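Enquirer: As a plain string of letters, each chain reads:
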Amino acid sequence: MTTTLLDRPESTRIVKAPPPMAMLAELTHRCPLACPYCSNPLELTGIKEELSTAEWIDIFDQAAALGILHLHLSGGEPASRRDLVELTAAASERGLYTNLITSGVGLTEKRMAELAEAGLDHVQLSIQGSTPTMADHVGGYRGGYERKMAVAGWVRATGIPLTVNAVCHKQNMDELGDMIDLAVDLGARRIEVATVQFHGWAEKNRTALMPTRAQVERTNVLVEQARERLKGVIVIDYVPADHHSTYPKACMGGWGRIGINVAPDGKVLPCHAAETIPSLTFDNVRDRALSKIWYEGQAFNAFRGDDWMQEPCRSCERKHVDFGGCRCQAMALAGDPAATDPVCIRSPLRKGLTEAAERDAAATPDPFVYRGR
Amino acid sequence: MTQEGGITIDGATVAKLARGVRLREDAVRGQKVLLAPERAMALDEIAVKIVEALDGERSLDRIADDFAAEFGAPRQRIADDVAAFVQELADRRMLEVIA
Ligand code: SF4
Ligand code: SF4
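Sequences listed follow chains U and L, in order.
So for the first sequence, numbering that gives the first Met the number 0 puts the first residue at 0; every next one is plus one.
So for the second sequence, numbering that gives the first Met the number 0 puts the first residue at 0; every next one is plus one.
Chain L extracted, bound-state conformation (with noise of 0.2 Å):
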């Protein structure tokens, strides 16, 4: 079992979607949804960039940095919305967890 529901996500975490869960494009309400079993997920764009950075190589803090560097945003805050949104999707055991 690699899906643990009591997961807690720090900067240190690797992860990558876990199978059975995936981005796609939504034409019909435009909009991108995250689909799992049982459920879709309408993500923003910021939720949608996290997603696809969660490429199960790069750990969070590497992905605040890229985004910081990107975006010109405080680095700070960067990683407290991914840590957020990471943590919430690991909760919904929508991730597997690699490191």
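Extracted from the complex, chain U is given alone in its bound form (with noise of 0.2 Å):
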């Protein structure tokens, strides 16, 4: 990472961040499913609001010219998008590698070929659960499960890469082995398995999603054992639970530092759950152009480099490793984007955020409050 410093107009001193490597463009919050612990924010924007096919493809213009390699399509369901053919090929003859993020309903045999067709480079397909009974309660769609059973051999079909992703939490967890099986059946080359991260739609449900210490380490287990197994059949990426590790994630791999999400309504921010920070100010595609967002903009720059720190992060060996973790669950559970992650072993909060977890977990579950129904 480049550490030169500007003087600024404003004479705020910010870091030259690096050129962003990756873009997440969530087309569009529409989902046929209603996941309860959706990462689309509470206030989900409409398709009136959404940016035209013009700009989503002038959007790629600029993603390419900055430096940006890997497009992640996403949403939502990216596949309510009746344009989501023309601008995976957008985006491929710009020479960006196109991911796509999906449930899977909306696709068809004729669009999966079709999307190959245009370039596409890769598939995450989610599943809820193991079987139709669990899949269906969590997504909250019916037929789900079989939808996505089809679109997996779709895929096959196109020789297209593809990546199974597993959300884990209280209701699933114990059957993450079946689920991994499966990902193996439906020819995933990786499964991604994350634990709930306790935002917006999930924070609505604590008790029916939060894992009790004996799952996690369980599932801990589990997951040594099915790589051990499974060695040379599916990479298993495991994103373990929050509130049972010692510190947080590298949320984002630091903020500002690799990569930008674009909202459905041309909204440019430095992740997906940025809005929660009230302090911060987002630009739009359709004010400003993307470069000077990335380098220039506020929320960009708001939490760039260490000079935000406070302590214990600030004198931390780890500063550099994990970056005081999430900046959102800062704010959301120290009421400050600039403290220390409270998973962090090394937060003042960390104690209580542990017994509220626990307290959840032990909790009979109450029933899921789904997106946006």
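Rather than coming from a laboratory, the hints here were simulated on the basis of the structure.
Heads up, some of the hints might be wrong.
[Stated by the list, open to error] List time: in silico BS3-like cross-link candidates among lysine-lysine, alpha-carbon distance up to 25 Å:
no.: 1; chain 1: U; residue 1: Lys318; chain 2: U; residue 2: Lys248
no.: 2; chain 1: U; residue 1: Lys169; chain 2: U; residue 2: Lys203
no.: 3; chain 1: L; residue 1: Lys48; chain 2: L; residue 2: Lys31
no.: 4; chain 1: U; residue 1: Lys230; chain 2: L; residue 2: Lys15
no.: 5; chain 1: U; residue 1: Lys15; chain 2: L; residue 2: Lys48
no.: 6; chain 1: U; residue 1: Lys248; chain 2: U; residue 2: Lys169
[Unchecked claim] Pulled a few chain U residues facing chain L out of the computed Cβ check, cut under 10 Å:
no.: 7; residue: Pro18
no.: 8; residue: Leu65
no.: 9; residue: Gln123
no.: 10; residue: Ala156
no.: 11; residue: Gly158
[What the hints assert, rightly or not] Listed below are several chain L residues computed to face chain U (Cβ distance under 10 Å; list not exhaustive):
no.: 12; residue: Arg18
no.: 13; residue: Val20
no.: 14; residue: Arg21
no.: 15; residue: Ala26
no.: 16; residue: Leu34
no.: 17; residue: Arg92
Note that the structure is predicted; figures quoted are calculated from it, not measured.
Using N, Cα and C, we set each Cβ at its ideal position, and we do this for glycine too.
Quick one: dock chain against chain with the hints and give me the complex.
Expert: Shown next as structure tokens:
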């Protein structure tokens, strides 16, 4: 990372950022599913406010020029956009590596073939459970499971590499072994197992989703064993539960260092949850060039470098490893976006957090509050 | 499945980049990168040469022969370099091994 200090006219010092590597394009917030932990904001953007095809293509142009290599086409459900094939082709023509992050619902065999033709490089298909009953209960959409099974077959037929995404929580964690086997059966080369992050919608579903410590420990062992057993068959990437880890994750690989999120209405965010931080102001690609937003935007510069850090992060040897953890989590749990991520064992708030997690883990699950319903 | 994490590379190996893995120019950073799902690997000139030689037809031995002739360098050293790098690509599941 370059660390040239520039003199800004506003006399604020900002650290010169490297060019971004990846863009998450949230093409739409629309989705037939309603997962109770959806990472979309509580205030969902409607179709009328969505960027047009031409506006997205212009963003891909700017993204490629800015040095972005990977483009993640996401949502909501990206297949809810009628122009998905056209957008994929445009991104691919600009040299971007295109990754479709989908629930599978809204794809057909024909569309999948068209996406392959358009140059789609990779597909990430989410599964919500290992059986139709569990999967459709979590996704809040009957028939979703069956559709996913079909989609995996169509992806396989095109030859595009497939990754299965599995979000784990109290209700489906005990069937993770079966979900991994299912991913193998579906022909995935990789499975990404992530434990629910408690922001936004998931925060409304704590008693329904918070895993117990025993569940987390069993899962850690299960993942280790599965990695051994399935070596050379499938790669297992595993993001363990925050509340049971020692240190926080390097959220987004560091604020404003690697990735850019574009929301369906063109708002540009350093991470998908950044709007929960009230002190930030967000630019919109409709008003400002992407490069200006990345290098000069207030939101992107707010937590670059380490000048903003407080103790214990400021004098911690891990500050360039995890960058103090997640800013949105600090906001949500400490009420201060510059605080040490409260999931860190060195945060004074960690003890209370663990107690709350254990309380919610032990509680009888309340019915799901489904996203957007 | 053509991608096996446990693949061992030798001189007879014939391979090409797996679908979903591609080499491209990164003009902004002035380098060539190998792109795969969730991964971007910056390559030096020699690595680029090797990747370009993985055409799914020539064995690693043939490639080493061709390089030795092209650069007038010791054959064994070239063969070792090629094998080491190709093994790394295989371990990262970026290759389709054809034979
Ligand atoms: S998490 Fe579920 S509801 Fe949210 S976008 Fe993905 S599939 Fe749709
Ligand atoms: S104190 Fe801050 S920098 Fe150190 S491990 Fe915890 S979050 Fe990371």
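Enquirer: Any hints from earlier that this structure breaks? Give me their numbers in increasing order, please.
Expert: Failing hints, ascending: 5, 10.
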